[in-house]
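Engineer: Work out the full structure, taking the sequences as your base and the hints as a guide.
Going down the list, the sequences are from chains A and B.
Quick note on numbering: the first sequence equals residues 11 to 353 in the numbering used here.
Quick note on numbering: the second sequence equals residues 10 to 297 in the numbering used here.
These are calculated hints, taken from the structure and not from any lab test.
There are no misleading hints in this set.
Distance condition first, Cα-Cα at most 16 Å in a straight line; then the derived EDC-like pairs of lysine to aspartate or glutamate: (1) Lys294(B) to Asp183(B); (2) Lys128(B) to Asp224(B); (3) Lys207(A) to Asp222(A); (4) Lys320(A) to Asp99(B); (5) Lys207(A) to Asp99(B); (6) Lys320(A) to Asp211(A).
Listed next, the stretches of chain B that the computed footprint assigns to chain A, with coverage defined by at least 3 CB atoms under 8 Å from CB atoms of chain A: (7) 233-247; (8) 275-281.
On the chain B side, residues computed to face chain A include the following (Cβ under 7 Å): (9) Val43; (10) Arg94; (11) Leu101; (12) Leu105; (13) Asn116; (14) Thr120; (15) Leu284; (16) Ala285; (17) Pro288.
Given the structure is predicted, the values throughout are model-derived calculations rather than measurements.
We treat Cβ as the ideally placed atom computed from N, Cα and C, and that holds for glycine.
Here is how the chains run, residue by residue.
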Amino acid sequence: MSARVVFASRAGRRIGLVGGAIVLGALAAAPLWGGRDDLALLSEIYAYVALASLWNLLAGYAGLVSVGQQAYVGLGAYVLFALAILAGVSPLWAIPIAGIAAAGVAVAVASLVFRLRGHYFAIGTWIVAEVFRLIASQLSPLGGGSGTSLPADVIIALAPSRQARDFLQYWIALALLVAVLAFILILLRSRYGLALKAIRDSELAATCNGIDVTRTKVLVYIATALGTAMVGALIFLQRLRISPDAAFSVNDWTAFVIFITVIGGIGRIEGPIVGTVVFFALRQTLADLGTLYLMMLGLVAIGIMLAAPKGIWGLIVERFGVSVFPLERRVVFEERKPAAESR
Amino acid sequence: MEWINVILQGVLVGGLYAMFAAGLSLIFGVMRLVNIAHGDLIVLSAYIALVITQTLGIGPLTSLLIVVPAMAGIGYALQWFLLNRTLGEDLLPPLLVTFGLSVIIQNGLLTAFTADSVKLQAGPIEVETIRLFGGVYVGVLPLVQFIVAVAVIGGLQFVFYRTALGRAFRATADDPAVAQLMALDNRHIFALAMALSLAVVAIAGVFLAVRANFDPSQGPARLIFGFEAVIIGGLGSLWGTFAGGLLLGVAQAIGAHLNPGWQILAGHIAFLLVLAVRPQGLFPKVRT
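Structural biologist: Here it is as structure tokens:
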């Protein structure tokens, strides 16, 4: 008898592939069926799915609970604005450059914040984000504390007509989301993904099996910074205006992202997607309530954390045993001789 | 002479930061919980003091007689009904729940009191000064605040190392399971620790409110100052936390003196420097 390890849920995988292709096709064709507002809303949703997926990778898989990811959203945005305004670089090139710059900064930041453990790591990352915000408000070429706008010629150079620009930005947002999800999926299916899951389940056992826990965590932290900065650069390219308070907002880029991930289901790749859909559905219906809406969001997140810590998707998986993305490994035994069924 | 004044002001403000930090340090020491809503609870107690002084017509310092027990009660209830359920191996639940609390308190205050900044009026004591020597003056109010900070830290030290309650805190912190075998109810001990923490928060909140304008969005910055003082001073040592608060206050005062835009940044940089050079803090408690 031989055994091999396969990724679970073959039926789910087929449904996932076919369904994913249909959904992706429909979304890529959104400029055909949607208006300008729809495209803007969808782009915002993609940005939040990407941010939440990256935070999920960091907190749900690598066990690094950061409340300072706004540092990289803002950093990416500021790099894009600086390159476009001061150096005349096309924003399309500035997005990947922003990611690489953030990865470089993350190496330095990691050397400091990784001295803090657990909860203290969380607040340490927050302080780093505050330092970035305060430095950004001292940058007078980029408007200091009150911020600045992208000049019209930079925007016009992107594409000739407003409609073409809308389409272009929409497709970039979608492409970035697909890239982020594909990266996470490939990472988690690789041996690094196995190492990450081992670390998540028990750091001690992972170390005993020869995994360099700190190195793995630092690598995930840097990769997450890279992705987060690219998403941040894109968000502010769409907004056309930047300010330190908006770019380094703890509410917009961390509180919402954490609530989305926890409501959807932390530690599962589907969680952030489900969470974002719920978040936007609530926002479209309740946003008029203003502060009351934010208080309700906080209450829902606390309630879910206490009553169903695996989130909405965790409940669905427990009840129906489905998973859209094939990540769980399963051992299959194959009989050499034509004998009775193994199960 | 100018610099002596700057450093002195920094030290006096540092006493306030030490009070922000003491409550944080206390609950982390006892139950390994970092309360992200700590700063918002400081601002909440400032608003409670505001309502009490306005409705009863009493002074801010007298209002402490009501605010401190009220916040202690809130702390006990918060721990008993909510936070005790989050404690365990996983560090995400306590973080997320206190993060959610922070958002709820902030927006609740925003709904009730608007975003306008307000201040507690303490009367003539606010502008009184004492001449120490030469051209060096200290305000009476900052001095009172500093003395209260020393008393609070000294009091916590006494409770922790000289009383039965402190013994229960230390026993539970060292080994919750064995403490329970010795007939201590961990849930009750944790709730008492949170009550004590929020009693300190109440004192800090009232002094914050007398010292400067405040508004609902100020909580996170207070949390960060308190946290920086804890790390600069070194984990597990109350007097270390006090020293950390003073150092943070001095760093901020020097930064502000050089350029008003650098005040907060200078404090953060002092924190990052300590983290880079001496990550265990300046006065860590030696643990075996």
